[in-house]
Amino acid sequence: MLASGLSQMHGQVLPAFLLCSTLLVIKMYVVAIITGQVRLRKKAFANPEDALRRGGLQYHRTDPDVERCLRAHRNDMETIYPFLFLGLVYSFMGPSPFVAHIHFLLVFVGRILHTVAYLGKLRAPTRSLSYTLAQLPCFSMALQIIWEVAHHL
Amino acid sequence: MLASGLSQMHGQVLPAFLLCSTLLVIKMYVVAIITGQVRLRKKAFANPEDALRRGGLQYHRTDPDVERCLRAHRNDMETIYPFLFLGLVYSFMGPSPFVAHIHFLLVFVGRILHTVAYLGKLRAPTRSLSYTLAQLPCFSMALQIIWEVAHHL
Amino acid sequence: MLASGLSQMHGQVLPAFLLCSTLLVIKMYVVAIITGQVRLRKKAFANPEDALRRGGLQYHRTDPDVERCLRAHRNDMETIYPFLFLGLVYSFMGPSPFVAHIHFLLVFVGRILHTVAYLGKLRAPTRSLSYTLAQLPCFSMALQIIWEVAHHL
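Protein chains in written order, with numbering that gives the first Met the number 0: chain Y, 0 to 152; chain Z, 0 to 152; chain L, 0 to 152.
Don't read these hints as lab results, they were simulated from the structure. Among the hints, a few may not be true.
It does not matter which identical chain is meant; a pair holds if it fits inside one copy or across any two.
With a straight-line cut-off of 30 Å between C-alpha atoms, the simulated DSS-like cross-links for lysine-lysine are [as the list claims (entries may be wrong)]: (1) Lys42 to Lys120; (2) Lys41 to Lys120; (3) Lys41 to Lys26.
Next comes chain Y alone, as it looks inside the complex:
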C-alpha cells in the first residue's frame, strides 16, 4: 500500500529506493551468515560458551578470515545504515527519477562490489574504489537534503 500509493505520488523513486536498500540489508544478513560459517570452518569462536560446544576452549580464539568478515560487516554498518536514512528522506524530496535511480544504483553496485572485494581479498584499491563509488551518491543526497531543508528554516 505504501509502495503503490507512493509510487503514484513519487514516480518510481520510492520503489527503486526500497528495492536497493532492502537488497543491501539482505546482503548484510548474508555477510553475517558467512561469518558464522567461517567461524565453524576455522573453529574460531568469540565466546567460550560457543567454543565449549564445538570442541573445547582452545577454539575460543581469533582468526584472520573471521576478522575480515567482521570488518566487512562493520563497513556495511558505517555506510549502508546512513543510506537507509538519507535515501528515504531524499525519495520524498521529489528528485528527478532518472537522477535518483543513478544515485541508488551507484550505492547498490558500490556496496555489492565492496563486499566481493573484501571477502574475496581482491587486490587494492578495488575495495577502496567500491567504497568511494557508494559514498559519493550518499554524500550528494546528504548535501541535497541540507540544501532543501535550509530553505525552510
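Given chain Y, put chains Z and L in place with the hints provided.
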C-alpha cells in the same frame, strides 16, 4: 499525532512497531550503560585519558567481560538497526495486524533473549537460537518489501 | 517537497531534525575520512592487501590513533543511528517546536563535542559528558514515543 493519525489508517500495526522498536533502542542504551559499569568495576578502560582519571595508565586495558558487552552491543547494531528500517516500511505496506504483531513480537522477544543470553553467559546455543528467532521475521519482512516493490518497477 | 510540505504541517520541527541528523551523518563520513588519513600517515592497515600496496606486509598492523578513530566512529553508530530513527518518529508526533529544537540541538552539540573530545584526546570526563549530553534528549524522545504509542494499543 503521527501515532494517532496512522493508527486509524493502519489499524494497530504502526503503534505496535513503534513500541517494539523504541523499547529495543532503550534496551541498547541499557547495554551501553552496563558496559560503562563493567568498565568501572573491572577497571578496564579503552582510552588512556579515562584510565588516568580512574587510577592510572595500568587500567588502560581490555577485559573479557567488557569485550562481551561490546560484542552484545555490536550484534544489536547488526540486527536491531535493520529492523528499525524494515519494520517501519513494512508497517506502511498494510500487512495483516495479526501477522505483523507476530513479526514484531518475535523480533522483540528474540533480541531481549539474545541480550540476556549474551550478558548472562548462558550455555550455547541459547544465544544463537535467540538470534535466529529475531532474524527470521526480519528476513520475512525484507522479502515482503521486495515482493511488494517489485510490482511497481 | 517533503521538507516544504511537512514544514507547513509540522512547523519547523521536521526541517530542524533533518538538518541536525544529516549534518551528523556527514560528521560520521568525516570521521571515516580521518580514519583513512591516519592509516596512511601512521602506515597501519587492517588488511594485508592494503599494506602490500603501501610498502609491505609489515604495515598490516594496528595503531593506537587508528583504534581511537574506530572507537569514535563506533560510538557514533551506537548513538547517532538511533537518533535518526527516534528523531524522525518524534518529529511526526507534533511536539512543541521549541522543545523539539532543544532536543535536536543538544544531540547535535553533544555529538560534535564528543568527536572533538575523542579525536582531540581531551581530558576525561569531557567525552563522557558530551556523550551524556546527547543521550539525554534521545532517551527523552524514546520515552515520549512510548508514552504516545501506549495510548493507541
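Status of the hints after comparison with the structure:
no. : hint            : result
1   : Lys42 to Lys120 : both (20 Å within a copy, 19 Å between copies)
2   : Lys41 to Lys120 : both (17 Å within a copy, 23 Å between copies)
3   : Lys41 to Lys26  : within (22 Å within a copy, 32 Å between copies)
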